[in-house]
Amino acid sequence: MESPDKQHRVNLFRPKQGFMRGEVKIMLSILALWGIASFGFQLWLRLSASDGGKSWLESFTFFNLPFHYWFTAQMLPLWFILICILFNILIDRLAEKESRRKEGFYD
Amino acid sequence: MIDAGQKTLPMMIVFAVLLVFVVAGLLYKTRDGSEYGISGRYTGRVGGGAAIASNWMSAASFLGIAGLIYLYGYSALAYVIGWTGGYVLLLVLLAGQLRRFGKYTAPDFIGERYESTAARLLSAIISIIISFIYSVAQFKGIGIVFAWLLGTDYSKGVIIGAVLLMGYIVLSGVMGVARSQKLQYFVLIVTFILPLMFLAYRLGYFWVLPQFGYGAAINTLSTEFGINMTAPFANFGLFHWTALCFTLMFGTAGLPHVLSRFYTVSNVRDARWSVVWGLFFISLIYWSAPAYALFGKLLEARSGMFLPPQVAYKMADVVVLRTALMGGLPSWLVGMLAAGAVSAAFFTVAGLLMTGAASISYDIYYRIINQQASETSRMATAKGATLVLAFLVLLAALNPPGQIAEIAAVAFALAGNTIFPAFLLGIWWSGTNRCGVIAGMLTGLAITFSSPLFGGLLPLLNTIFPLPASALCGAPLVILVMIVVSRFTEPPSAEIQRFLAEEVHGE
Numbered sequence: 001m002e003s004p005d006k007q008h009r010v011n012l013f014r015p016k017q018g019f020m021r022g023e024v025k026i027m028l029s030i031l032a033l034w035g036i037a038s039f040g041f042q043l044w045l046r047l048s049a050s051d052g053g054k055s056w057l058e059s060f061t062f063f064n065l066p067f068h069y070w071f072t073a074q075m076l077p078l079w080f081i082l083i084c085i086l087f088n089i090l091i092d093r094l095a096e097k098e099s100r101r102k103e104g105f106y107d
Numbered sequence: 001m002i003d004a005g006q007k008t009l010p011m012m013i014v015f016a017v018l019l020v021f022v023v024a025g026l027l028y029k030t031r032d033g034s035e036y037g038i039s040g041r042y043t044g045r046v047g048g049g050a051a052i053a054s055n056w057m058s059a060a061s062f063l064g065i066a067g068l069i070y071l072y073g074y075s076a077l078a079y080v081i082g083w084t085g086g087y088v089l090l091l092v093l094l095a096g097q098l099r100r101f102g103k104y105t106a107p108d109f110i111g112e113r114y115e116s117t118a119a120r121l122l123s124a125i126i127s128i129i130i131s132f133i134y135s136v137a138q139f140k141g142i143g144i145v146f147a148w149l150l151g152t153d154y155s156k157g158v159i160i161g162a163v164l165l166m167g168y169i170v171l172s173g174v175m176g177v178a179r180s181q182k183l184q185y186f187v188l189i190v191t192f193i194l195p196l197m198f199l200a201y202r203l204g205y206f207w208v209l210p211q212f213g214y215g216a217a218i219n220t221l222s223t224e225f226g227i228n229m230t231a232p233f234a235n236f237g238l239f240h241w242t243a244l245c246f247t248l249m250f251g252t253a254g255l256p257h258v259l260s261r262f263y264t265v266s267n268v269r270d271a272r273w274s275v276v277w278g279l280f281f282i283s284l285i286y287w288s289a290p291a292y293a294l295f296g297k298l299l300e301a302r303s304g305m306f307l308p309p310q311v312a313y314k315m316a317d318v319v320v321l322r323t324a325l326m327g328g329l330p331s332w333l334v335g336m337l338a339a340g341a342v343s344a345a346f347f348t349v350a351g352l353l354m355t356g357a358a359s360i361s362y363d364i365y366y367r368i369i370n371q372q373a374s375e376t377s378r379m380a381t382a383k384g385a386t387l388v389l390a391f392l393v394l395l396a397a398l399n400p401p402g403q404i405a406e407i408a409a410v411a412f413a414l415a416g417n418t419i420f421p422a423f424l425l426g427i428w429w430s431g432t433n434r435c436g437v438i439a440g441m442l443t444g445l446a447i448t449f450s451s452p453l454f455g456g457l458l459p460l461l462n463t464i465f466p467l468p469a470s471a472l473c474g475a476p477l478v479i480l481v482m483i484v485v486s487r488f489t490e491p492p493s494a495e496i497q498r499f500l501a502e503e504v505h506g507e
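From first to last, the protein sequence lines are chains A and B.
Position one of the first sequence corresponds to residue 1 (the numbering used here), numbered consecutively onward.
Position one of the second sequence corresponds to residue 1 (the numbering used here), numbered consecutively onward.
In short, the hints are calculated from the structure, not lab data.
Fair warning: there could be bad hints in the mix.
Covered by chain B, according to a simulated footprint, are these stretches of chain A (three or more residues, beta-carbon under 8 angstroms) [claimed, not checked]:
hint, region
1, 31-43
2, 70-77
3, 83-91
None of the values given here were measured: they were computed from a predicted structure.
All residues carry an ideal CB built from backbone N, CA and C; glycine is no exception.
Next up, chain A with everything else stripped away, as it sits in the complex:
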């Protein structure tokens, strides 16, 4: 069903021009980084397991811990923090650009 007022439609996959378009682009990139790291690594670990059930990712230590364990237990939370920082920096920059553009427009 069509909304009565087309200009006020909000849809994540059909962002409006301007701020929201940039915002959605950033959001989807960060979510991609989130998904690949969280689930991609586990998949890799599973797929790289040999017939005996062990993956080469388990065979060497890193920071005192088996690599796969280190990656999941310590690197992933850190990774989440890093991509959150990246998200905030990108959004802050976008917001500044947008407000500058607007000010210029009204001058």
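With chain A fixed as given, assemble chain B onto it according to the hints.
Just chain B now, kept in the frame of chain A:
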């Protein structure tokens, strides 16, 4: 359970820490008026982060995670990843927009966004169920710690703990104690990390950063005792691991008491940055928790104890305290650890019970049953509701159905299947309407409990919607239901669509 007898010194430390919170809360309250008079409740980014973290830290983080890692090793890391990765979803999808929307309790947001009393009522009921389940998990933690402190069995421990907790809630309510969340976080992190450093030192590992030092314990366990704690997918397969992880992430981004955290920061930008700080503070605990589990396993192995699975299952939630005792920590340090666990559980339950009670008195009693209700009768309803809720939680906790973190996970599954889709679509698709959200939340409710209720009839349900891990398949299905039903029913009013487009998504 671990060792008999009353522990006088640890008990005194637990009470002293609780007392410190009361005194600090009273001081904070008097300062609040003058110092923060104009700027309202502004706390800044780091302060906002500490508030997010202390609001989040509960017995599930403090005792539960270590318990599950002790039992399942690598597989239990799904909890660590789920409970940290969820904050990415929260930040990216909801934090800023929610701050601009300006409604923070789940029933308030859903009631306003979908312009529907029925949706408000449904989301209020769901939030109360979530609070209830989550509180049961906390009560188990409280029961374990008090049973140990008093040297009694678990059921006595949980009853005494519950009475003390209610006393604490009433007392702080009467005196108007403010929650000083920065202090609370500080106490939690110190009482968790300090005993761990001491433990690593005692065991002869790298104690400055026990988060890395425990790696040597993993190595010793596998070379000397043949216990492999890091085998991936040993206990749950890849699908279950991923499903659990996703469920906890969706749940984190949909848990009512987490969503309502954004009002303490003054603007959208600070709201976003405080999430990052909050996640960092939370990760500090999650980087450390596995160390307790592995040290515990190692101490057991060294003393020749190899517990059969059923005994280990019963012991798991107590592993943090037990490890501290087996490691020969001085009793004041074990007392600190117990005090941290008790305060994490106390503050979480206090928050949950009061939110649940507020939901009953405001969203259900005032908005729906009696719109002429006076302030006094609403207050009385809230107080009565707190007591009734606490009593019901206690009854359920007398016979806890699983490990602390597992019980909490069910609350996350429910939040991920109901509240999270309602918020996500409510913010990101203006076409979602009241029929859609009601149909979706009912579907989510059914999905969450489908495995224990109907799994016997339809075994497929156990596979795609396993009890705590139902949101991987559940949440997308709920979102689909919301979209389809919204498409075929009357769209939301032009007014709320304009508000979404101009206020929430305006720059």
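### Task
Apply the coverage criterion to the region 70-77 of chain A and chain B: a residue qualifies when its Cβ sits closer than 8 angstroms to a Cβ of the chain, and three qualifying residues are needed.
Holds, because 6 residues of the region 70-77 of chain A bring their Cβ atoms closer than 8 angstroms to Cβ atoms of chain B.
### Coverage criterion applied to the region 83-91 of chain A (partner chain B; beta-carbon cut 8 angstroms; 3 residues)
With 6 residues close enough to chain B, the hint holds.
#### Entry: 8 angstroms C-beta criterion, at least three residues: is the region 31-43 of chain A covered by chain B
It holds: at least three residues are needed, and the region 31-43 of chain A offers 6 whose Cβ sits within less than 8 angstroms of chain B.
This entry satisfies every hint, going by the numbered hints stated previously.
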